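In order, the protein sequences belong to chains A and B. Residue 260 in my numbering sits at position 260 of the first sequence; the count goes up by one each step and never skips. Residue 178 in my numbering sits at position 178 of the second sequence; the count goes up by one each step and never skips.
Keep in mind that the hints were calculated from the coordinates and are not lab data. Note that the coordinates shown come from a computational prediction; the quantities given were computed from them, not determined experimentally. Backbone N, C-alpha and C define an ideal beta-carbon position, used for all residues, glycine too. Be aware that one or more of the hints could be misleading.
Computed from the model, here is a short list of chain B residues facing chain A with C-beta under 10 Å [what the hints assert, rightly or not]:
#, residue
1, E21
2, E62
3, R145
4, S154
5, I157
6, V183
7, G257
8, D332
So these bits of chain A aren't anywhere near chain B, every CB distance computed over 12 Å [stated by the list, open to error]:
#, residue
9, E20
10, G81
11, T84
12, G144
13, S149
14, Y168
15, E215
16, K217
17, D224
18, L233
19, V330
20, E358
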Amino acid sequence: MTGRVCIAGDGPCAVNTAKELLIHGIDTVLVSRRKIAQSELPDNMSREGGAGISVYGNAEISGCSGCVNDFRITIHQNGAGAITENVTGIVIAEEYQRKDNFETYGLKPSHAVTSLSEMVRVMENKSDQVAFPPKGSGILFLTGCFQESNPVVLYDVMNCALQLRKEYHQDVFILTGNLKVAGEGLEALYRQTRTAGVFYIKVNQVLPEIEQSDEGKVTVSCQDEILHTAMRLSPDLVVVDETLLPSEYLMKLAKVFELNQDKAGFLQSDNVHRNPVFTNRRGVLVVGPSRGILERREILNDVGNVTIAMMNQIRGKIDSASVGKARIGVVECARCLTCFRICPYKAIRLEDRVTVYEDACEGCGICIAECPREYITWTGPGMADELEKIQISGIADPADRFSPVMVAFCCQRSAGRSVRTAKDRSPELPEGLKIVEVPCAGGISTDHILRTFQKGADGIILLTCHPGNCHSEVGNQYAKSRADHVGKRLSAMGFEKERLQVDTIAANMDREFVRVINSFQKKLMEIGPSLIRKSLKH
Amino acid sequence: MPDKNVLIIGGGVAGLTAAIELAKLDCHVVLIEKEKSLGGHAGQFTCKATDECAKCGACIVEEKIDMALSHANITIYNQARLAAISRKDRFAVTFFTEKDAEQSYDADAVIVATGFQAFDPVDKPFGYKRFEDVITNLDLEKKLRHEIEVKRPSDGITPEKIAFIQCVGSRDSSVNHLWCSRVCCGSALRMANLINTRNKNTEISFFYIDVQTFGKDFQFYYDRIRDRIRMIRAIPGDVFRTPDGQLKLEYYLPSEGKQIEELFDMIVLSVGIIPVGTADGMMEKFGLEQPKTGFPDEEFMRPVAGLFAAGTSKGPKTITEAVADAGRVALDVVHYLQKQ
Numbered sequence: 001m002t003g004r005v006c007i008a009g010d011g012p013c014a015v016n017t018a019k020e021l022l023i024h025g026i027d028t029v030l031v032s033r034r035k036i037a038q039s040e041l042p043d044n045m046s047r048e049g050g051a052g053i054s055v056y057g058n059a060e061i062s063g064c065s066g067c068v069n070d071f072r073i074t075i076h077q078n079g080a081g082a083i084t085e086n087v088t089g090i091v092i093a094e095e096y097q098r099k100d101n102f103e104t105y106g107l108k109p110s111h112a113v114t115s116l117s118e119m120v121r122v123m124e125n126k127s128d129q130v131a132f133p134p135k136g137s138g139i140l141f142l143t144g145c146f147q148e149s150n151p152v153v154l155y156d157v158m159n160c161a162l163q164l165r166k167e168y169h170q171d172v173f174i175l176t177g178n179l180k181v182a183g184e185g186l187e188a189l190y191r192q193t194r195t196a197g198v199f200y201i202k203v204n205q206v207l208p209e210i211e212q213s214d215e216g217k218v219t220v221s222c223q224d225e226i227l228h229t230a231m232r233l234s235p236d237l238v239v240v241d242e243t244l245l246p247s248e249y250l251m252k253l254a255k256v257f258e259l260n261q262d263k264a265g266f267l268q269s270d271n272v273h274r275n276p277v278f279t280n281r282r283g284v285l286v287v288g289p290s291r292g293i294l295e296r297r298e299i300l301n302d303v304g305n306v307t308i309a310m311m312n313q314i315r316g317k318i319d320s321a322s323v324g325k326a327r328i329g330v331v332e333c334a335r336c337l338t339c340f341r342i343c344p345y346k347a348i349r350l351e352d353r354v355t356v357y358e359d360a361c362e363g364c365g366i367c368i369a370e371c372p373r374e375y376i377t378w379t380g381p382g383m384a385d386e387l388e389k390i391q392i393s394g395i396a397d398p399a400d401r402f403s404p405v406m407v408a409f410c411c412q413r414s415a416g417r418s419v420r421t422a423k424d425r426s427p428e429l430p431e432g433l434k435i436v437e438v439p440c441a442g443g444i445s446t447d448h449i450l451r452t453f454q455k456g457a458d459g460i461i462l463l464t465c466h467p468g469n470c471h472s473e474v475g476n477q478y479a480k481s482r483a484d485h486v487g488k489r490l491s492a493m494g495f496e497k498e499r500l501q502v503d504t505i506a507a508n509m510d511r512e513f514v515r516v517i518n519s520f521q522k523k524l525m526e527i528g529p530s531l532i533r534k535s536l537k538h
Numbered sequence: 001m002p003d004k005n006v007l008i009i010g011g012g013v014a015g016l017t018a019a020i021e022l023a024k025l026d027c028h029v030v031l032i033e034k035e036k037s038l039g040g041h042a043g044q045f046t047c048k049a050t051d052e053c054a055k056c057g058a059c060i061v062e063e064k065i066d067m068a069l070s071h072a073n074i075t076i077y078n079q080a081r082l083a084a085i086s087r088k089d090r091f092a093v094t095f096f097t098e099k100d101a102e103q104s105y106d107a108d109a110v111i112v113a114t115g116f117q118a119f120d121p122v123d124k125p126f127g128y129k130r131f132e133d134v135i136t137n138l139d140l141e142k143k144l145r146h147e148i149e150v151k152r153p154s155d156g157i158t159p160e161k162i163a164f165i166q167c168v169g170s171r172d173s174s175v176n177h178l179w180c181s182r183v184c185c186g187s188a189l190r191m192a193n194l195i196n197t198r199n200k201n202t203e204i205s206f207f208y209i210d211v212q213t214f215g216k217d218f219q220f221y222y223d224r225i226r227d228r229i230r231m232i233r234a235i236p237g238d239v240f241r242t243p244d245g246q247l248k249l250e251y252y253l254p255s256e257g258k259q260i261e262e263l264f265d266m267i268v269l270s271v272g273i274i275p276v277g278t279a280d281g282m283m284e285k286f287g288l289e290q291p292k293t294g295f296p297d298e299e300f301m302r303p304v305a306g307l308f309a310a311g312t313s314k315g316p317k318t319i320t321e322a323v324a325d326a327g328r329v330a331l332d333v334v335h336y337l338q339k340q
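Please build the complete structure, drawing on both the sequences and the hints.
Pasting the structure below:
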């Protein structure tokens, strides 16, 4: 372990991350696609007893092998070819790509149509000759009319509008859909712009009609929803808002590091377990504009969280739900690569033989359950040991009221937590209920299910996280499809497939847990005891 | 950071997160919580998943509680309240525990994670506290956590028409709340979607000023629910109760350009997030006056070295944002302690 962290990025987010890590004694390798000027970097790049910050300018990351604590990354630098660096962790801190929305509004850039970034630049560099028209028909901002915007863009819009009004005495109009004031201080800024005389037109149901003449001049017809009045504007200048997107390079980094993405393409799946800065891979963290559309304050928060996470990682303190890890049988493995393909954490190494990166394994057990030859085992106490503990006895007197034995396999991150609260609050859970907590429902194999029935369980219920909430991303899907498959086989054998049920429960829904269990019990009471249980001795 | 003590005031999601992060870095943490149970407001929220997770983050609170309770470096006092605090080189803290026993503690740093207060809509013309079937979004969170189908409080009937009224006590100059509470559009629309998914016959109207973006896939989510929820860009006027127990709402319908009267079975008010005040007068003890917006920020806390604020005590935040903020504050605390 080198204790060094690689940071991918060429903007303030990457530089701030490097600075913060340096303060806390962590060396970094900053890989920037452009040459970063000395003035952008911290004055002091070194630290006592360490290498401090080293920078690769005009460079791209093109490859990554290894795993957390021992990544080997390939850097392509202009003129220097490929370089390999060994690093302990990786932080992706690329900036947004700002795409103008000219097309969305059916406009072309012209002397009368410009982008928000351009306007921000003009306002920032006051030295630029700003050739605003003499007070005429005003400046119109178009924002969030045909697609939803966000507070980051609105901040720029309102900030520019305020300056144009106060310093350049322009008539300023903002034509907007939903005004995204949910950012820090934005409602106050909105009030300020209104007091200064910025005029807002709100549309939503009836969208504005926008026309551009051959000379580039724009006319907008719209209906203000609040005032219920029709308007026609022919502004001297139209400022068009922008969409914040992941850059093409960021998309490439997703492939290099094998990271899950959200719908927009940012390098973090939309999964609450990844918050704030985690990805599906241990040791690869993602900050601010690389993980979503965040305000400045939130980006600073991310930088702090990355620093804490790296400090913990270097000290060997990583949270893990599971004590066990997967281990692949050396002799037996037939190299079918099922495990390599499905591991949600990319913790399977494919070299001369297939092995598990122990540091990267989260112990979900999906590979163990999926291995067609059952050649993967647990290093720690596994689920099979948990199952061994379950004792099921036969039925004493058939005349007695039937009390079904139910085995609930609970993902310890969701249902497992709800059980604990349920036990505290509703001690009246059915006596025949047996709980098996598992690291991930995706680790419950066909074998586990069949063996549990064999032991005499009247019913088995798999309680998983909701889709989109699984720490292993797809563990719940594996649980569901495996149960469907087993159900079909059970039916074929003449065993009631209704004895096997899959449900989703969140960690905070203890009452729902009780409800689900009670209704499962009711169903089993109707079906009656399982054939196997009937044959068991009391 | 061994041998360093940190006091955290408040056991909501921010206080818990800060405690866990500091404990992992070997600080000793004492966390005092005024309520019986941990988790704060968010600890009472419902899961809003329908056929998939709605990404509200409510389930994360349970994880934080588990982790904080099981960490050896964290000592938690429930139903505790701060008695006195002063600062020389360190903070001398006295607080009362559940059994009214007085406890002293020397802290190197203090984190105020006292969360928020919900705006009390009783003075608004929406009939809160006068009509049983007018509830707040926080009431609805608790209700949904325990009931599958929402029942009308007055008679236990399944409501056919529910109105959500947004921005009650937020973005409101009449009460000098010049901020958006940031989380209510997300919470209300997710709950509306949940109710409508569970019972297709329940029609939901959503009265709003501007729908705020929430979640990573907002456009996608919004497009999907917009067809099923009546989105009305207006904030209604008075609420009356009809003789047969329904609620009459008056509002100006912009698309028609006229005043409408409509009957609903239940009304949900999305109440604003407002500051709790000065944490039992603690800030005054340090000579800090009420901050301008009521929410203390870093600038405000700066005069007192070693005093920090985390989570919604600093302003409206979602659950996941509060977690991220508390992580950042934990690092700031560590940085401060290192310099000591």
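Here is how each hint holds up against the structure:
1. E21: holds, 6 Å
2. E62: Holds: closest Cβ of chain A sits about 4 Å from B/E62, inside 10 Å.
3. R145: It holds, given that the least Cβ distance between B/R145 and chain A is near 7 Å, below 10 Å.
4. S154: This interface hint is violated because 22 Å lies over the 10 Å limit.
5. I157: Interface hint status for B/I157: violated (21 Å vs cutoff 10 Å).
6. V183: holds, 8 Å
7. G257: holds, 5 Å
8. D332: holds, 7 Å
9. E20: With a cut-off of 12 Å, A/E20 comes too close to chain B, as the shortest Cβ separation is near 8 Å.
10. G81: A/G81 clear of chain B: closest Cβ-Cβ about 38 Å, beyond 12 Å.
11. T84: holds, 31 Å
12. G144: Contrary to the label, A/G144 does not stay out of reach of chain B, its closest Cβ about 9 Å off (not over 12 Å).
13. S149: Given that some Cβ of chain B is not farther than 12 Å from that of A/S149, nearest at about 7 Å, it is violated.
14. Y168: holds, 26 Å
15. E215: holds, 34 Å
16. K217: Since the minimum Cβ distance to chain B is about 30 Å, A/K217 lies beyond 12 Å and the statement holds.
17. D224: Contrary to the label, A/D224 does not stay out of reach of chain B, its closest Cβ about 9 Å off (not over 12 Å).
18. L233: holds, 19 Å
19. V330: Label holds. Min Cβ-Cβ 35 Å, cutoff 12 Å.
20. E358: holds, 21 Å
Of the numbered hints stated above, those contradicted by the structure are hints 4, 5, 9, 12, 13 and 17, listed in ascending order.
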